[in-house]
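Student: Here is how the chains run, residue by residue.
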Amino acid sequence: MLFNSFSYMIFLPLVLLIFYIIPKKIRYIWILVASYYFYMSWNAQYALLIGFSTIITWGCALIVSKISSNKEKRFILFSCLIINLSILVIFKYSNFLIDNLNYLLPQGAQIDNPASKLILPVGISFYTFQAIGYLIDVFRGDILPEKNILKYALFVSFFPQLVAGPIERSGNLLSQINALDQVKFDQERIRRGLVTMLWGFFLKIVVADNICIIVDSVYDDWRMYGSIELMIATVAFAIQIYCDFASYSTIAIGTAEMMGVKLMENFNAPYFATSIKDFWRRWHISLSSWLRDYVYIPLGGNRKGKLRKQINVIITFLISGIWHGANWTYIIWGGLHGLYQVIEDIFAPINEYICVKFKVKRDTFSMKFMKVLSTFILSDFAWLFFRATSVNDAMGIIYRILTKWNPWTLFNGTLYTLGLDAFKCHVLIVAIVIVFLVDLIKVIKNQSLFDFLQEQNIWFEWCICAMLLIFIVVYGAYGPSYDAQQFIYFQF
Amino acid sequence: MKKYRLICLIVFCLLMVKIASNVLEFKFDDGNNSTKAFYELDNNTVDILALGSSHAFANINPQVFWDSYGYAAYDLGSSFQMIWNTYYYLVEALKTQNPSVIILDAYQINCPLEYYEDSSVIIKSTAGLKWSKNKIEALFSSTDISNVPSYLLEYSQYHSRYEELTPADFLKYNAQENVYKNWKGFRCNYGTTPFPDPVADVEDVVELPQKTELYYRKIIELAQSKNIPIIVVVSPYCVSEEEEKGFNKAAEIAQEYGVDFLDFNKFYQELGIDYSTDFNDVGHLNYRGTIKYTNYLSEYIHLHYQIEDKRNNEKYTSWEENAKYLKMTYIEQELIETVDERSYIDVLNKLEVNNYTIIVRGQMRDMPDYMYRINDTLFSNRLLTVWDNDNYYCDLGTNTLKIDCSDSVTSLYYNRNNINKAESGVTYFVYNNYSEKLVDIVGFDYTGQDVQCIR
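Note that the protein sequences, when read in sequence, are chains A and B.
Sequential numbering from 1 applies to the first sequence in this note's numbering.
Sequential numbering from 1 applies to the second sequence in this note's numbering.
No lab work stands behind these hints: they were computed from the structure.
The reader is advised that the hints may include incorrect statements.
Said to hold, decoys possible - Simulated DEER-style distance windows between Cβ atoms:
#1 B:423 x A:18: 36 to 42 Å
#2 B:417 x A:82: 28 to 34 Å
#3 B:177 x A:369: 48 to 54 Å
#4 A:220 x B:4: 49 to 55 Å
#5 A:474 x B:349: 32 to 38 Å
#6 B:342 x A:109: 53 to 59 Å
All values reported here derive from a predicted model rather than from experimental measurement.
We put the beta carbon where it would ideally sit given N, CA and C, even for glycine.
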């Protein structure tokens, strides 16, 4: 079930109610049951798949921790990795791989994909990585394996973050699962969870789902649009994907909070980043830190010389790209981000030289603004590839942006014909400003919305919450005239 | 560096303002743009210079001058132009051109006003001129001295146009490069309104207003001082008796200087002009009328003056292009006025299809042989075109075209608007690639007994 659905509105209170009523020792079992129910509401059969992954990784972790011989340890580890990743590849990448193979082969030798009819199981990229992370942690000796299979199964399938993250680490989530029996009912905690969820729904239903309309109108028929509309749609997509993805993480964090579980922060005002390197410390933090710990560092990180470091960065980000989807556009998106960071690194001393030579004042608003703006432009250019349905389309869009210059559309009302009329556009702009301000508070005071509101007087907290709720209820994109926009990251 | 900082700042700010003003400034065809195009001509290329109000630039047709005897004619006028503004235009024109003949249309000679009240007319008559002593004199003569500052600072007139900006404001040559690059100041009207014949056989004279007479004389004297023959004309229109008396007086003044005066209201029949078919509105001929009118002028000039035929001269290709464009528009007008499907196909066959994008959507009832010729050229002479899935995309100038074949009914989208005219029948889409202008979208619907024409 989607977070933004009536079923979830019934499911969640019920789960929480029972959570606090039943004996504390069996809380984790209840949540496990609820999680599997949540997952099976998408597709019952694929619960078998996640169950299979769970059992394999649990078993291998136990074995690995018992064996002393390094060689055998590695063998078990790699076998388990291969099994899990193969499942992921078959379900997610087989079509892509076969299509590319067929492209290279002559006409007569084309291959059919026996697995082409398989539907992508929801959340497979997330829980697979989460399980692999646990296994590697045990292998490295960072944690002891979890003996209780039910508790481990809950770690893999914990419903708030199951379908679209944050990708949790065993150190964080597993220990909290073990401490579920110590969670006391706390009114403030429930409030924190609710306000956090409220903010998440605002991001999704008011901003992401409405701005989606503009992005889709333009990107789905991009040959009919000129430079200005395409650029605006690309910026709109940057906002859409942020609000959509962050909303899921926010609602997940809020839901978990109410059960006394603190999930890791997944987004930290990413568009305020001052460099691409900084961007990845703020965007999809759980994935980028996972890749750092389980891909970049095993590859050697920056400990094998400068050239090797750049190569490692590029490889890591290509993997990030392909993780997002089975299409060359995602690979290019990932590759671009890798390239950006390599270039940032190489040019760092040159930048230093220029700043000193031209006496550029670096500790100023203007410098920071420049950095934030250029980082946004770079990441938005990469988003163009992320959103385009094929590399051809992406190149076509870039070509049109560069050649079909049409500034008069800024003045003749064309911008109100992209799917949202004038009034809706204005409301959307107000909503985006609110998101900007909340992120600004995060950057300046390092406070979440809830913490910030706690500092203020009660009337302010109530007004803001009421305002957000009204926005959601009145201007939200739900109801018969919209169709519930899937969270973008569900296809991963 | 520090001492230039202030100057750099000022220059940068002014540059930004200049860019904004380039976008916002008035782009009136009848005045600003025609003057601008005039400045772009090579020096001393104009043979015939036509001056005056819209009676000059909407009636005197350079295509006819060109195709009859290879004369290079230019219409330098603006709407409602007062005689004094015409004088200043002549002064300006003579700075860069040395025409063989000047034609002055004297329509505004009867205007009794000291200054024209409508500011847009004053702008059309002055803003196109380059800044010079001449322009300043023109301004002082066009309006009361208290208003002059608001015309000197042109920005105050047009800064609020930001709500009405169009592609023409941003693109060179008003987004129609081939048309404006070769434009000779002529604004053709294509409509038809029938009018009764004028009553112009009036012999009386009436004194002219002081200011118009003063400048009328100045124009003639200026032309004669440069030894340029000048012909004063009154182009045919729905003239009143009072106005005719004024023109009679003007004829007398012309005679004083030995200058020819042709009042066409008195002998339009000789030209074959028919008031029921050749007029667009009370003041202006339509394209048919201008051809007849300008033919006469062309013969007249050919009879009285020796002007070299420029048709094989490489410097004059823009006049050839201009003539070619105007002839296209005559056929296009015929097309737009056609309501019968068979005739429509006949007229389509007259077009030079290489210059056009023609889409025919739908099922024609029968396919005459000559339709196949047009079918061959469909999709063959486009600009950037693409087939994508079931859709066909094309960029036409700044416009976009999409043919959506994904449903059972093919749909045409022009600039994202569905332009299917006939559900069960045929829709014709005709676009001129040369002038980057949509010519016609028409549907012939077969649902009823008869074929219905839908525009």
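Student: Does the Cβ distance between residue 423 of chain B and residue 18 of chain A fall inside 36 to 42 Å?
Tutor: Hint violated: Cβ distance 60 Å, outside 36 to 42 Å.
Student: Does the Cβ pair residue 177 of chain B, residue 369 of chain A satisfy 48 to 54 Å?
Tutor: Because 39 Å falls outside the window, the suggested range is violated.
Student: Mind checking the hinted window 53 to 59 Å against the Cβ distance between residue 342 of chain B and residue 109 of chain A?
Tutor: 56 Å, holds
Student: Taking the CB of residue 220 of chain A and the CB of residue 4 of chain B, does the distance hold inside 49 to 55 Å?
Tutor: 52 Å, holds
Student: Please check whether residue 474 of chain A and residue 349 of chain B have a Cβ separation lying inside 32 to 38 Å.
Tutor: Once the Cβ atoms are compared, 59 Å apart, the range 32 to 38 Å for residue 349 of chain B and residue 474 of chain A is violated.
Student: For the range 28 to 34 Å, tell me whether the beta carbons of residue 417 of chain B and residue 82 of chain A fit it or not.
Tutor: Violated - the Cβ-Cβ distance for residue 417 of chain B and residue 82 of chain A, about 56 Å, lies outside 28 to 34 Å.
Hint check: violations occur at hints 1, 2, 3 and 5; the rest are consistent with the structure.
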